[in-house]
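J.: In order, the protein sequences belong to chains A and B. The first sequence lines up with residues 397 to 936 when you count with this note's numbering. The second sequence lines up with residues 37 to 527 when you count with this note's numbering.
A few of these clues could be false.
Computed Cβ-Cβ distance ranges for the label pairs, DEER-style [as the list claims (entries may be wrong)]: (1) B/D376 - A/P555: 55 to 65 Å; (2) A/Q844 - B/A217: 15 to 25 Å; (3) B/E133 - A/E836: 30 to 40 Å; (4) B/E226 - A/E499: 48 to 58 Å; (5) B/A94 - A/A658: 38 to 48 Å; (6) A/D760 - B/G486: 49 to 59 Å.
Since the hints were derived computationally from the structure, they do not count as laboratory data. The C-beta atom is built at its ideal place from N, Cα and C for all residues, glycine as well.
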Amino acid sequence: MKIVSAALFKDCTTSIVGVGLGGIITYRHTYKFNQVRFSGSVRSSCYCCATLSSTMEKAKQTFDVDNAAVLVNELRKTFSSGKTKSYEWRMSQLECISKMIDEKEKEIIDALHEDLSKPELEAFLSEISMTKSSCKLALKELKRWMMPKKVETSMATYPSSAEIVSEPLGVVLVISTWNFPFLLSLDPVIGAIAAGNAVVLKPSEIAPATSSLLARLLGEYMDKSAIRVVEGAIAETSTLLEVKWDKIFFTGGARVGRIVMAAAAKHLTPVTLELGGKCPAVVDSNVDLEVTARRIIAGKWACNNGQACIGVDYIIATKEFAPKLIDALRSVLEEFFGKDPMESKDRSRIVDSFHYKRLINLLDEDKVSDKVVVGGQRNESQLQIAPTILLDVPEDSLIMQEEIFGPLLPIITVEKLEDSFDMINRKPKALAAYLFSDDEQFKTKFVQNISAGGIAINDTVLQLTVLSLPFGGVGESGMGSYHGEFSFDAFSHKKAVLYRSFAGDSPTRYPPYTPAKEKQMKALLSGNLLNIILALLGLI
Amino acid sequence: MASEMEKKEVFDTESAKDLVKELRASFGSGKTKSYEWRRTQLTAMLKMLDEEEPQIVAALREDLSKPELESSVYEIAMLKNSCRLALKELKHWMKPEKAKTSLVTFPSSAEIVSEPLGVVLVISAWNYPFLLSLDPVIGAIAAGNAIVLKPSEIAPASASLLAKLVATYLDSSCIKVVEGAVPETSALLEQKWDKIFYTGNGRVARVVMAAAAKHLTPVVLELGGKSPVIVDSDINLLVATRRIIAGKWACNNGQACISPDYIITTKDYASKLVDSFKNELEKFYGKNPLESKDLSHIVNSNHFVRLSKLLDEDNVSSKIVHGGERDKTNLMIAPTILLDVPQDSLIMNEEIFGPLLPIITVDKVEDSFDVINSSGTKPLSAYLFTNNKKLKEKFVATVSAGGLVVNDTTVHVAEHTLPFGGVGDSGIGAYHGKFSFDAFSHKKAVLYRGFACDAFVRYPPYTRGKLRFFQAFLGGSILGMIRAVLRWSKS
Numbered sequence: 397m398k399i400v401s402a403a404l405f406k407d408c409t410t411s412i413v414g415v416g417l418g419g420i421i422t423y424r425h426t427y428k429f430n431q432v433r434f435s436g437s438v439r440s441s442c443y444c445c446a447t448l449s450s451t452m453e454k455a456k457q458t459f460d461v462d463n464a465a466v467l468v469n470e471l472r473k474t475f476s477s478g479k480t481k482s483y484e485w486r487m488s489q490l491e492c493i494s495k496m497i498d499e500k501e502k503e504i505i506d507a508l509h510e511d512l513s514k515p516e517l518e519a520f521l522s523e524i525s526m527t528k529s530s531c532k533l534a535l536k537e538l539k540r541w542m543m544p545k546k547v548e549t550s551m552a553t554y555p556s557s558a559e560i561v562s563e564p565l566g567v568v569l570v571i572s573t574w575n576f577p578f579l580l581s582l583d584p585v586i587g588a589i590a591a592g593n594a595v596v597l598k599p600s601e602i603a604p605a606t607s608s609l610l611a612r613l614l615g616e617y618m619d620k621s622a623i624r625v626v627e628g629a630i631a632e633t634s635t636l637l638e639v640k641w642d643k644i645f646f647t648g649g650a651r652v653g654r655i656v657m658a659a660a661a662k663h664l665t666p667v668t669l670e671l672g673g674k675c676p677a678v679v680d681s682n683v684d685l686e687v688t689a690r691r692i693i694a695g696k697w698a699c700n701n702g703q704a705c706i707g708v709d710y711i712i713a714t715k716e717f718a719p720k721l722i723d724a725l726r727s728v729l730e731e732f733f734g735k736d737p738m739e740s741k742d743r744s745r746i747v748d749s750f751h752y753k754r755l756i757n758l759l760d761e762d763k764v765s766d767k768v769v770v771g772g773q774r775n776e777s778q779l780q781i782a783p784t785i786l787l788d789v790p791e792d793s794l795i796m797q798e799e800i801f802g803p804l805l806p807i808i809t810v811e812k813l814e815d816s817f818d819m820i821n822r823k824p825k826a827l828a829a830y831l832f833s834d835d836e837q838f839k840t841k842f843v844q845n846i847s848a849g850g851i852a853i854n855d856t857v858l859q860l861t862v863l864s865l866p867f868g869g870v871g872e873s874g875m876g877s878y879h880g881e882f883s884f885d886a887f888s889h890k891k892a893v894l895y896r897s898f899a900g901d902s903p904t905r906y907p908p909y910t911p912a913k914e915k916q917m918k919a920l921l922s923g924n925l926l927n928i929i930l931a932l933l934g935l936i
Numbered sequence: 037m038a039s040e041m042e043k044k045e046v047f048d049t050e051s052a053k054d055l056v057k058e059l060r061a062s063f064g065s066g067k068t069k070s071y072e073w074r075r076t077q078l079t080a081m082l083k084m085l086d087e088e089e090p091q092i093v094a095a096l097r098e099d100l101s102k103p104e105l106e107s108s109v110y111e112i113a114m115l116k117n118s119c120r121l122a123l124k125e126l127k128h129w130m131k132p133e134k135a136k137t138s139l140v141t142f143p144s145s146a147e148i149v150s151e152p153l154g155v156v157l158v159i160s161a162w163n164y165p166f167l168l169s170l171d172p173v174i175g176a177i178a179a180g181n182a183i184v185l186k187p188s189e190i191a192p193a194s195a196s197l198l199a200k201l202v203a204t205y206l207d208s209s210c211i212k213v214v215e216g217a218v219p220e221t222s223a224l225l226e227q228k229w230d231k232i233f234y235t236g237n238g239r240v241a242r243v244v245m246a247a248a249a250k251h252l253t254p255v256v257l258e259l260g261g262k263s264p265v266i267v268d269s270d271i272n273l274l275v276a277t278r279r280i281i282a283g284k285w286a287c288n289n290g291q292a293c294i295s296p297d298y299i300i301t302t303k304d305y306a307s308k309l310v311d312s313f314k315n316e317l318e319k320f321y322g323k324n325p326l327e328s329k330d331l332s333h334i335v336n337s338n339h340f341v342r343l344s345k346l347l348d349e350d351n352v353s354s355k356i357v358h359g360g361e362r363d364k365t366n367l368m369i370a371p372t373i374l375l376d377v378p379q380d381s382l383i384m385n386e387e388i389f390g391p392l393l394p395i396i397t398v399d400k401v402e403d404s405f406d407v408i409n410s411s412g413t414k415p416l417s418a419y420l421f422t423n424n425k426k427l428k429e430k431f432v433a434t435v436s437a438g439g440l441v442v443n444d445t446t447v448h449v450a451e452h453t454l455p456f457g458g459v460g461d462s463g464i465g466a467y468h469g470k471f472s473f474d475a476f477s478h479k480k481a482v483l484y485r486g487f488a489c490d491a492f493v494r495y496p497p498y499t500r501g502k503l504r505f506f507q508a509f510l511g512g513s514i515l516g517m518i519r520a521v522l523r524w525s526k527s
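For reference, chain B alone in the conformation it holds in the complex:
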């Protein structure tokens, strides 16, 4: 399919149907289930990431002006890590897990067998077009599935490079890329998949899940939300400031689903925090940040307009305390900090997904929890900077989000031992590391018995004696069991 893209044939429902049929035949052959196939594909992916790094960096620059360090570290190196981990752990992940059995089924043994779900669809997003495309694909391969990847048309250079590279390096009978926008995605969603893994926003996610419902297809939905940062006043201000900047502007210029969306701090501390931001931002991006090569651009003019609108709203534009400069032709907005914007403003009600950072102030830092929880939606991440142990505990106990980080931002994505995924409006399901393998596996329960020791108490005709036996047996009374057996042999 991908290789035929030059012809620009329309990818319609029929093409989607044929595609799925072809992949189902490959999956049916059992090829993707073998350890060897999974290993070969993961190795090929690793080779691809090694050999094609310059092309990938170039595509990301074209789509997003993404700085090389961010591309090669947050996309390529992260992917390589995922691949290496999967290669290292695959045998272990694939091994059936023994489960304990009870007296009820004695003698028996049991295990949980991980098996691939079948033919799966990965729909990816534009902000980390490589990472968010290939990281789920790595999980799907590790679990032994056939895969269709639909990268985002909003990052077209990356999408077409992905199509080319996947076709070149991976087994094209089992792993395909379909490029396209809404019509292609709709055609794909009409088909029956064994899993749909979607990264994007809540609006499209609802469409995806409704389409999945028609075929009873399980979904993973990786969405976003307004990820808050609570800043206490007893902290190392310099480190906190840097780590917030690292998670905001040094993360694709705020266009990341786990980027800090807004800050909550106390009234007294806010000015100190703002000053610190000003200092560090200048150190990082120079006197004129619009000129900095270390910031991604806004992905396209739609998003530029959307962000400008957030900024230009009445009662909001006057709250800018830092930045605010923009360059429409280069799709750049400078790192912008706003202080005390109204709670009912657009910027406080939509996910910002860009270089704007509002700071909300509260009287006591504890009040932050209410601010977060009263929004009624659960974000993908929440962050807290503090040295106060009690506050940390309260934060973990009361703030619900996909994931939490204390005293840093965004770095939890790098820990493959932690599940990465949302809750409520920020999504369903999780991945990374073994969780990726699990997301694309069915956990099949298997119980083994022999023919020996067949207990006739189980079977009809049902008698009082049998009932008494079971009552004693399940109540754990050995004496009762013996009594029941004796009474019954007498009868």
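In isolation and in its complexed conformation, chain A is listed as follows:
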């Protein structure tokens, strides 16, 4: 499954760790990492299968549709047993995740370092503590979330009572991504467990250390009869997408999002698609410049080096203000990452050489390369590009058409700040939009006029940490949302339940139909008490 990365490890053993009920074989790959950190260019260009150990080749078995069908059947059996529906099971699994994170924090940080050179503080804040707080909230609120919600009933069904019952959807698939490989895998899984589903998680092969750690840890800590990890790349994902799921939760790019939804359509499976987009940051000239610069940097380079779906993609400012903003960004960047940012340990690296080349492509385009005003240094062997700011790149350049997803930050200038609305609205809807301004009216206008998954005013990225806010895109940036109770809802069916008794049965509803019955029925439905009385008395 993981030929590419496996070839690079000094010592690689694969062992069969369990044969499941339905005869499915679970593999566990154990890699002993070389002490030297592998440079990414080697990682993704080297397909030296010849160096694979023979044990690996023998054990490597393709994950085909039959395997997928067996896996789903097994989970469906577990789900049908009713086990995952109980409050106790959900709580125990959530507690296991919480325990796992506590006990394995070091390993998680190491894996993230391995995959992305993610700085420890970032790994701790944006992955570990975010996942933990999701888990904590679910543990605290689960009873309340699970409780049927009483709703009012009307005259039309009097006497009656009604409630909305949340029930698990069944067996769900979570396909995750590489930039926050831990958080974006477990956060949806927490929602799926809280809602009482059986879950298959497919982590991203582009963050292989985290993927294999997740497979190992979930196998160790969680109930294997209901929660599974399938590692792999395109082949495995396609296989998984062929079988019927009760929900697919996908995080990734819009191109694959379309494939996932088309596959889901065959089985009428609902989807949540968490995609990305070009998230703009509009900067007014009346701002606290230093705080603004810091918060933009925090949402760009200090956020996985720009490799985040809600990272700042580009800035819009007025012509007059842009130079001041650039100066502020330059000096804060130096404060944060030192005089030589290429040496800083406080930024993630570019995930692999494919993405490195993609970014270099954006940077080296004609009419773009000469717009660099800060940074621009690169090091292919370390997969690093310095924080780079570009001023006034053309709107039709690649860098302004594609999601950047890396340490490049173009600044577009406009005459009046209001012009930024048109510029943003011409593009597909982004997952986030940011505004820095002290002008109340402008803030209101921004919120009214800019459509995006979410908006933060005077900060970046932090909307993600507010668990009372739904997190999800709109249009090209996705559909559906999660976080907090929204995660629970994303994996629940809201079943409408109406209770009646046999008393108070009125003949009005029944044939043979008469004009009087018609009037009574209309009055009943309208809910107007006077009309009902009049109709029953035959007065209207």
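Got chain A sorted already, so can you dock chain B onto it with the hints?
T.: For chain B alone, coordinates are given in the frame of chain A:
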């Protein structure tokens, strides 16, 4: 577009593209977002329903021979209710919802803002051609969208009346009707919409969702399924019988997505239930139900043939215990009850959508749950008649369906506080009341911060001290935080 229908111009991909472009320009102007526009359109819709009731009743009679009471109550009055509710609640629905923020973002405030999705497509069905067309449109208007409605060509009188009325009463720069069948629907589905709301069957729904996937368009799919009725033996038999009849034959002659599809009862009780049905059916529809004016007709000969086929299958035709009469020229089939048809018969494997009602018997009423769940598909509704509290609880806990009703059928559609929609094969998403508004809205998360209190711990260079601070902070340890800050100021 609709007004040009007399010319019978072909509605092709180009026309669809132009149509969407026009609506996108209207939406882009911001017109549909205003409270006033939404209000005006809903008021206009209400006026239309008031003034045009006779025409609507006539169109429904033409398409389905729908009895006047069913038309004016289940289509028109229901729609008026939806309109009135939306008018009453609109301001409240549109208001941003405040959300709590945490210490992490302190000081800050947050809200969830509902915004329209944009230009949306509503594809409707023939069985309740007015209700199922205009009820989603009401939601789409309330949420501030521009709309194209594609009514079903299988109810042509209603479709053309809808086109005429919508053009007359509503803002034609933002709300359009496109009439047509498969080619027109395909042309529409090629376009990029911001939401597609489809009511119909699972086969077409798959096509709709696959088309939507190309543009990452979210969908609501309102489908059907075999909605079961479980009948326990400790009940008020008369009331149960009447309420089942009301949901079956008095609901467009069984041509409703939430109609009872089949009954499950115990072996001992089945004969009593059948007798009761015979009595009440005669009371409701007379000795010769084919003559009754209180039953809708089968919508067309395709469906008549389809239903006849279900009835004529070997091992099925001999199971008729009541009814079975049919009149092909008038497209009528009498209310028909079948007892103990085989599980593998067509009638038990397809959605019936007509006046046939099979009764399946089990030894114990509890076995019904297995019968329902072993089908592997989830219906749009499931019903239970019982006085047994334990059985009710078990029913709610173990039967998955779009919605459940205990001791009645179909009436949950009238409760706007309940989401109406399926699960699994019966659909995706829900509507009615505020859920309709939500179905056509994006819930935009908005976080507000000031420039004050900027915590430098967030920023690089990352130090041990900063990490310790966060570990303490997020672990909720005030002491740890203080310790971390002190240690760090020393360093």
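J.: Tell me the hint numbers this structure goes against, listed in increasing order.
T.: Failing hints, ascending: 1, 2, 3, 6.
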